[in-house]
Amino acid sequence: MRRIVALFFVIAVGIGAALTLEAQSGAAPYEIVAGLGLPAVDRGVLTGVYHQPTHAASMARSAAAGIRAEQTRLGRAGTPYTRGKLIVKFRSGSDASNAIATSAPGATVMPRSTYANFDVLSIDPNADAEAIADALNARPDVEYAQASYVAHALFVPNDALYKAYQWNLPLINMEGAWDIQRDAGSTITVAVVDTGVAYTSATLRGVNIATFIGDNGSRYPAIPNATIPLAAAPQLVGGTAISRIVAPHDFVNDNNTPYDLDGHGTHVSGTIGQLTNDGIGTAGVAFNVKLMPLKADCEQWDILFGTPLSRCGEDRIALAIRYAADNGAKVINMSLGRTGPAACAQNPSGVGCARVVEDAMRYAVSKGVFIAVAAGNEFEDGNPTSAYAEIASRIPGVVSVAAVDITKAHARYSTAGPYVELAAPGGGGGSAESGFVWQQTYSLDFSQTFDLPVARYPAPRFDVLEYVGYAGTSMASPHVAGVAAMLMQQGITDPAVVEAALERFAIDLGDKGRDNFFGFGMVDARATLYGLGLTR
Amino acid sequence: MKSRAAALLLTLAGLAWAAPAAAQAQAGYSLRVFGLFNEEQFLAKDTFKAIFGQATQMLWGGGISVVQDEQYYLDLSVSRFRKTGQRAFFGNGQAFPLGIPLTATLTPFEMTGGYRFHTRPKRPTRLSARLPPPSRLVPYFGAGVGLYRYQETSAFAQAGDDVTKQHIGFIVEGGLEVRLAKWIGIAAGANYTHVPGILGTGGVSQDAGEGDLGGISGRFRLLIGK
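Those sequence lines, one after another, are chains X and W.
In terms of this note's numbering, the first sequence opens at residue 1 and continues consecutively.
In terms of this note's numbering, the second sequence opens at residue 1 and continues consecutively.
Looking at chain X on its own, in the form it has when it is part of the complex (with noise of 0.2 angstroms):
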């Protein structure tokens, strides 16, 4: 309560000062002060149920790759092991000289750790180590002998809540992923054409709010002249990491301050590059990658702040589109889409077909971008077309993305047709904290206020986060942006070849070969970076 109130005397000074600001208005209806405010409140994770998880420690790769395979030799097994070392262990008080010359001769004793129990055996490079350790354990007085097996850690990340709730990292095998790219996309900009992000402060200043009828059915109150607070969710831009935030823009309010009312945006946003192995919150795919937050959605905020609705529609979509693809994006997500008719294919400028949507999508390849487009969440509503998903079907290098749940199983909602290419996690939703994606957004608390009874209706505010579950293919396909990210910064430039083997690497799931559920299967975000060998 003291932090609400320190909040609250921060802004009325902050407006104070601000008269002397430039105030950023563009079109929006209301006065944006940026920059004004205070860091976000972090309410944690919404549930309140904290599972704190066994952490992980992660290892850094100690040699180059190209070095460590020259170094080391396959075992019988398949293992590979150091070569030109030997671990024995001696039994005591036995003359480990005649082990050595009579069962490994030319090997020599290296000097002995302290706090070892064992010795290591120096051998020749080329001499085959586990047939020496066989012939020492044949022994009696050696106790074991082993070759130097190379161990590979897989990259854990340490964040608070990623063993607890991010069942959907390990599904894509992430971990294996991450081991081959530390980096995680660092050279590769992600375009989110959504509600926009909370990567910035600011304040909005005589914000009227209209009146409404709720889905309750009653009437809520317009609120005049509201004061609404802003914040960036610490966990996509904290510390140095606002650096990574590109080229934002609002195509909603035609200024340079995408700022998130919904929470959506900044949502798929954490998927895609939340900050990673610092310990705190949850982990993101391509955790290092460039944001270009781009609001091209308005949700309900948007409409009561006073939005005309001219200004929200598929031209901002589109717009959003290109601008990303002129600006150095090389991957778009797009979890937001539509329904339409099935048969844009065959007449793409007909009737409810997204054809402005469309061009701009083939304008984006054509400079280099890939991009992720949500399948759509009304199976249940009567499996209609998705027009965005339709369309990536048509265009080699946009992909449409299905949901699964935990299971791996086809998630109730994802809707389902033959323009379905991929799938990725989206959570199954229901009541268990397994049936979400989870990321920090707003708090629900504080910015859907419009579920609130009328008699404890506020207005919003976005400065207050936590970690929240979604389910959605809204969910589902930033996993796939992140993971095309990575492969990008893997040298793969070509939209049409990303998604080939986006295709090519997933795991099949349903029916055999492509189906309607899955398209061709959940990305295998590991098995996409690590390609192929010539025989596996």
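Keep in mind the hints are simulated off the structure, nothing from the lab.
Because the structure is a prediction, the values reported are computed rather than measured.
Each hint should be verified, as a subset may be incorrect.
Stated by the list, open to error - Below, a list of computed lysine-lysine pairs in the DSS-like style, where the Cα atoms sit at most 27 angstroms apart:
#	chain 1	residue 1	chain 2	residue 2
1	W	LYS182	W	LYS45
2	W	LYS83	X	LYS85
3	X	LYS85	W	LYS49
4	W	LYS83	W	LYS182
5	W	LYS83	W	LYS49
6	X	LYS85	X	LYS163
With the hints as your guide, set chain W onto chain X.
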């Protein structure tokens, strides 16, 4: 598998070595050692191009050659190809390397036998005439079997990712041997090898539809011995 291959090699060696008794009576055997360099165009062209950037690779090694009566020969050789390329995949019909080092090692143990078209000088009719020198050029043609051992290791490999395989393969060869001096010669020839059972069941080779680890090679040998 290993013991079967070894037994097969031994049997073939024995058969090749066993000359008829009549021949043995007048046989002259010579033993040579040689070093070899093989420039091999692998039949799995797309596979090798995808991983190493080119399908032609160098093998080097050595062996021994036993020649009976200057006409029949049996060669035993071991050679090796080892190279680090990149893991890759095929997309839209084209190979794309992924920057992950992969080291492939191919070690052929080969045994070939065949006939040398050695022309014996005819004894002159006049006693005073000098014996003409033997031909310095000896064409040869042969065939054989080999045991091909293949290893593949990659950076970031997890259990079961790396591969060790071996399989029997077959060889047909021909060429020309040139005697430079009494104890030194060189041979240049062409080899065709067919090595099934290693490629084609996974990896890039499966995607490329290539199942033969053999190839056509130019083989150069430096021979020491008569």
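Evaluation of the provided hints:
In summary, the hint linking LYS182 (chain W) to LYS45 (chain W) is not supported, as the alpha carbons are separated by about 40 angstroms, beyond the 27 angstroms threshold. This hinted pair checks out: LYS83 (chain W) and LYS85 (chain X) have alpha carbons roughly 23 angstroms apart, not beyond 27 angstroms. Of the supplied pair hints, the one linking LYS85 (chain X) and LYS49 (chain W) is violated, its CA atoms being roughly 35 angstroms apart against a limit of 27 angstroms. Restraint check for LYS83 (chain W) and LYS182 (chain W): the C-alpha separation of about 37 angstroms exceeds 27 angstroms, so the hint is violated.
For the hint pairing LYS83 (chain W) with LYS49 (chain W), the CA-to-CA distance comes to about 13 angstroms; that is within 27 angstroms, so the pair holds. Note on LYS85 (chain X) and LYS163 (chain X): the hinted pairing is violated, with a Cα-Cα distance of about 36 angstroms set against a maximum of 27 angstroms.
Checked against the numbered hints above, the structure violates hints 1, 3, 4, 6; every other hint is satisfied.
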